[in-house]
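> Given only the sequences and the hints, what does the whole structure look like? Please build it.
There are 2 protein chains.
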Amino acid sequence: MVDAHAARRERLRQHCSASGADAALITRPANVRYLTGCAPCGASLLLTRDRALLALPDDLPPDDSGEHLVPDDPELSLVPVPAERDTALAVAEDAARLRVRDLAVEEHDLTVSRHRAVAGLAKGVNLLDLARAVERQRVVKDEHEIADLRIAAEIADQALGELLESILVGRTERHLAMELERRMIDHGADRAAFPVSVGTGSHSGQEAHLPTDRRVEEGDFLTVVLGAQYRGYRISTARTFVIGAAPAPWQVELHRLVFRAQRAGREALGPGVPEHAPDLAAREILRTGGHVGSTAHPLGHGIGLEIREAPRLGPSDMGKLDNRVPVTVGPGVHIPGKGGVRIEDTLVVRPLEEGGPELLTITTKELLAL
Amino acid sequence: MVDAHAARRERLRQHCSASGADAALITRPANVRYLTGCAPCGASLLLTRDRALLALPDDLPPDDSGEHLVPDDPELSLVPVPAERDTALAVAEDAARLRVRDLAVEEHDLTVSRHRAVAGLAKGVNLLDLARAVERQRVVKDEHEIADLRIAAEIADQALGELLESILVGRTERHLAMELERRMIDHGADRAAFPVSVGTGSHSGQEAHLPTDRRVEEGDFLTVVLGAQYRGYRISTARTFVIGAAPAPWQVELHRLVFRAQRAGREALGPGVPEHAPDLAAREILRTGGHVGSTAHPLGHGIGLEIREAPRLGPSDMGKLDNRVPVTVGPGVHIPGKGGVRIEDTLVVRPLEEGGPELLTITTKELLAL
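Protein sequence lines correspond, in order, to chains A and B.
Read in my numbering, the first sequence has 293 at position 246, and its numbers run on one by one without any break.
Read in my numbering, the second sequence has 318 at position 271, and its numbers run on one by one without any break.
The set of hints was computed from the structure by calculation and includes no laboratory data.
Among the hints, erroneous ones may be present.
Restraint-style ranges between C-beta atoms, simulated for each label pair [as the list claims (entries may be wrong)]:
| id | chain 1 | residue 1 | chain 2 | residue 2 | range |
| --- | --- | --- | --- | --- | --- |
| 1 | A | R58 | B | R262 | 40 to 50 angstroms |
| 2 | B | P362 | A | E140 | 44 to 54 angstroms |
| 3 | A | H155 | B | D260 | 34 to 44 angstroms |
| 4 | B | S363 | A | D97 | 18 to 28 angstroms |
| 5 | B | L125 | A | R262 | 52 to 62 angstroms |
| 6 | B | V216 | A | G337 | 52 to 62 angstroms |
| 7 | A | H155 | B | K170 | 14 to 24 angstroms |
| 8 | A | D97 | B | A143 | 39 to 49 angstroms |
| 9 | A | E140 | B | P321 | 25 to 35 angstroms |
| 10 | A | R58 | B | G167 | 24 to 34 angstroms |
| 11 | B | R144 | A | S363 | 23 to 33 angstroms |
Owing to the predicted nature of the structure, the values given are computational and were not obtained by experimental measurement.
Glycine residues also receive a C-beta, built at the ideal position from the N, C-alpha and C atoms.
See below:
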């Protein structure tokens, strides 16, 4: 992995010199991690033509969790910075000391105040905008990254599978969400990739329902949206089940519709396919089923070190998908006051010769009656 | 509370006109909540001389948790914004439409890119820096806010008290942290105010240890750092216990030292007292006990809608404490490879006539042998 990080930094160096910068200041945590393997909050990376200075808070606990490990990377010079101080400002001074002429910074990450402070300390240095160069580099994953995503997906599937074997009626959304987070950690997740969402009855089918004290009842739809983070890599998945032996006809029908829409979205994935294609495919099926409302959101998005990253799979996204891009595909229908269905997977775009999209989240999407 | 929010907005209006701005754009979530009582992520507030436009994502779940409720405030005009769009940009256009001349924005919150986008849409509007005007307004709490902090503290105390009655030996730091978060939610917390930290053995005594799979063993120090959030208001507390009947002499001694330092810090709190006084009082006691290392951090900080807010109680902080300012007081000593002790409370600064500092986190600070 150390080589992988070095190679990523080399690509960024090439991008910088091509765009007239002789150094880059990386402050966005996911980007620092991508380029160094290092994830303590508050770390900053100064990348010059021949050096890589990683500024870290000097009070990192001696035995920190895997998440925050500082890699043993010979090319990285570690710069300890007093805990109270902004590491970006420390390396800004180094940039001046190292006679950097044009420094590309992440203007989408630095606040106006921090940017001003960096400019003030980087004496004689001209600040440019690196924009989302590192985010673009992150879109296509290597097989190491995909291996971590696979493990994150296994962890979420295990936690969900165990929950389905337990008694659900009478338990609150908050309890179920907590239990899923605990189980993911038991199975080796760094943490939940985002707060688990559990929605029952009229709460079901929403994308980001905040769990409440509502208890699971017979006849409810139960929607679970969960994701695990493993070595920094995150996946997201959603399933909707019905509680009790006999789902109502409208439940069976609605679930079948969302299931078909989600499958159409998955099947539309492929290298060279327009980013809007999966969304339009899924949207069309929901429309024929008479539902549109709750699909204002894009069908999915890229996923990796951040839960939402490029590309976006919305109806107006015009780019083309690449090979080895992990994305979510998750349509949903929510009927206010009644409930609804969400089904989401994380998949990796693969060419047909390799079997097409690789499904990472393998929990069944059938309508289970629990 | 609606009146309180209106009064807060009026104070901000006065600050703005005094500093030559005829409107303010509030984007920092805690500040939006302070001024409106409204907390959906992504909300922005445009405050002009005679209007208050609250821009919200248009896809808020119909039955959202109390945390995100939109208050029924006659003075607020709600502006629904498509979920995919930045609400700050929507109100920037409104600012131009409303003929705002000088708009104060939160440069410590807006990224350079967002600031540029706001400037581009607020045609003919001159952007100023509001700086931390709202944060300064938030320092002194009213009794409604303190009442919420009291409840948050009760919740954390209850969760901790229940944990102490359970068997701890053999359980992992991660499990104990999860259980504390679950119990706080059971007792009515919106959520944990921050990820609970549980450190045992050599992990004990650290400020922000990330829970690991290490299991609690006989003879361990056990440090728990936890906080609850109630109606948006957060508190923080830390306690250190020893596992097993017979603490070692070094444990008794170290705990007594940190206990005395923490008490000295608490007793130094008062209206008109320099912000550095509590830190110096605690630091002096640790020094006489031969410990300095792990007190590089300030002794404490203000706390409220954010877990860390003004004032900071560090050795170099020169301001004076005010009445009704909630702060944390939490010294700690960590001996690498061996462990340590942290003891932290959240208190409200009160004058002696009112009985001095009001302790919110009342769990015993004695060295319990569990």
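> Decide, hint by hint, whether the structure agrees.
Hints and how they fare:
1. About 43 angstroms separates the C-beta atoms of R58 of chain A and R262 of chain B, a value consistent with the hinted range of 40 to 50 angstroms.
2. Hint check: P362 of chain B to E140 of chain A, Cβ distance near 23 angstroms, so the stated range 44 to 54 angstroms is violated.
3. Remark: the range hint 34 to 44 angstroms for H155 of chain A to D260 of chain B is upheld by a beta-carbon distance near 36 angstroms.
4. Range check, S363 of chain B to D97 of chain A: Cβ separation about 37 angstroms, and the 18 to 28 angstroms hint is violated.
5. Separated by about 32 angstroms at the C-beta atoms, L125 of chain B and R262 of chain A break the suggested range of 52 to 62 angstroms.
6. The given range of 52 to 62 angstroms is respected by V216 of chain B and G337 of chain A, whose C-beta atoms sit roughly 58 angstroms from each other.
7. Against the hinted window of 14 to 24 angstroms, the Cβ-Cβ separation of H155 of chain A and K170 of chain B comes to about 23 angstroms, which satisfies the hint.
8. Judged by the Cβ atoms, the range 39 to 49 angstroms given for D97 of chain A and A143 of chain B holds: they are separated by roughly 47 angstroms.
9. Take E140 of chain A and P321 of chain B: their Cβ atoms lie about 30 angstroms apart, and the range 25 to 35 angstroms holds.
10. About 31 angstroms separates the C-beta atoms of R58 of chain A and G167 of chain B, a value consistent with the hinted range of 24 to 34 angstroms.
11. Range check, R144 of chain B to S363 of chain A: about 25 angstroms between beta-carbon atoms, so the 23 to 33 angstroms window is met.
In summary, the numbered hints that this structure violates are 2, 4 and 5.
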